[in-house]
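Trainee: Residues in the sequence shown are numbered from 194 upward in steps of one, following my numbering.
It cannot be assumed that every hint is accurate.
The calculated lysine-lysine pairs, modelled on DSSO-like cross-linking and capped at a C-alpha distance of 30 Å, are [said to hold, decoys possible]:
hint, residue 1, residue 2
1, Lys391, Lys209
2, Lys209, Lys456
3, Lys376, Lys357
4, Lys361, Lys297
5, Lys452, Lys357
What the hints contain is simulated information worked out from the structure, not anything from laboratory work. Since this is a predicted model, take the numbers as computed values, not measurements.
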Amino acid sequence: MNEISAGQQNYLNGHKRHQRIVRVSRVAILLSFLFLWEFAANVGIIDSFIFSSPSKIALCFWKMVLNQTIFHHIWTTLYETIMSFILVTIFSILTAVLLWYSKKLSEILDPYLVVLNSLPKSALAPLLIVWLGATQMTIIVAGMSVAIFGSILNLYTSFSTVDKEKIKLIYTLHGNQWHALTKVVLPSSVPAIISNMKVNIGLCLVGVIIGEFLAARSGLGYLIIYSSQVFKMDWLLMSIVLLCIMAMGLYALINLVEKWYTKRF
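Put together the whole structure using the sequences plus the hints.
Mentor: Spelled out as structure tokens, the structure:
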């Protein structure tokens, strides 16, 4: 068994102490913010009708838990986000592979992908509703539209910057383009794919909420737009809090996938 020197032990203790300070500071900032918000609303520093308060938001959530309506809205948004994320991941990898296979095709499509990636995606949502109707599929497509073009460009860039010497070695050993793709390009690009997934999960959620603003009858996006129209600010802020929690949870799942891959490979 390897013994840990005094210097190493001091470093480990310092690292653990740093992590504790970071965790405690994060919790303290959150609790301080909630306390100040609640206090300001109760004593009248801010208008509790406009800004609500943590206690009112918690009470509103509990009422919707009791009548079970909130679960339907959460599940709708979660399902649409996961579906758009899965489709974006699959489609962007396949398209990036196709562009890597054909240099001519990548040169032809490059300006179009750049323009479509730069286009404000909120401008596409009304058009999608006209084309596809006010359906759940339209919202999923709206979620995809926010992430798909940037994802393709990032993955194609990652594929194109793989070590050329490794690819040359594949060809020297009488391998073909398929061998280069499966033995070098894709394995080398897994970290980039996972990093891309971390970005895409948030972008897909943004796109889904934009779609729900315009074409939904359920979901957290629908709840936000409806509550703003009828001035139910407790509902609106509760929906925003739930979206924050959902975004953190989905991001944490991608982090778990990354840690699993790192340990396994």
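Trainee: Indicate, hint by hint, whether the structure satisfies it.
Mentor: A quick look at each hint next to the structure:
| no. | hint | verdict |
| --- | --- | --- |
| 1 | Lys391 x Lys209 | holds, 27 Å |
| 2 | Lys209 x Lys456 | holds, 21 Å |
| 3 | Lys376 x Lys357 | holds, 13 Å |
| 4 | Lys361 x Lys297 | holds, 20 Å |
| 5 | Lys452 x Lys357 | holds, 28 Å |
Hint check: no violations occur; every hint is consistent with the structure.
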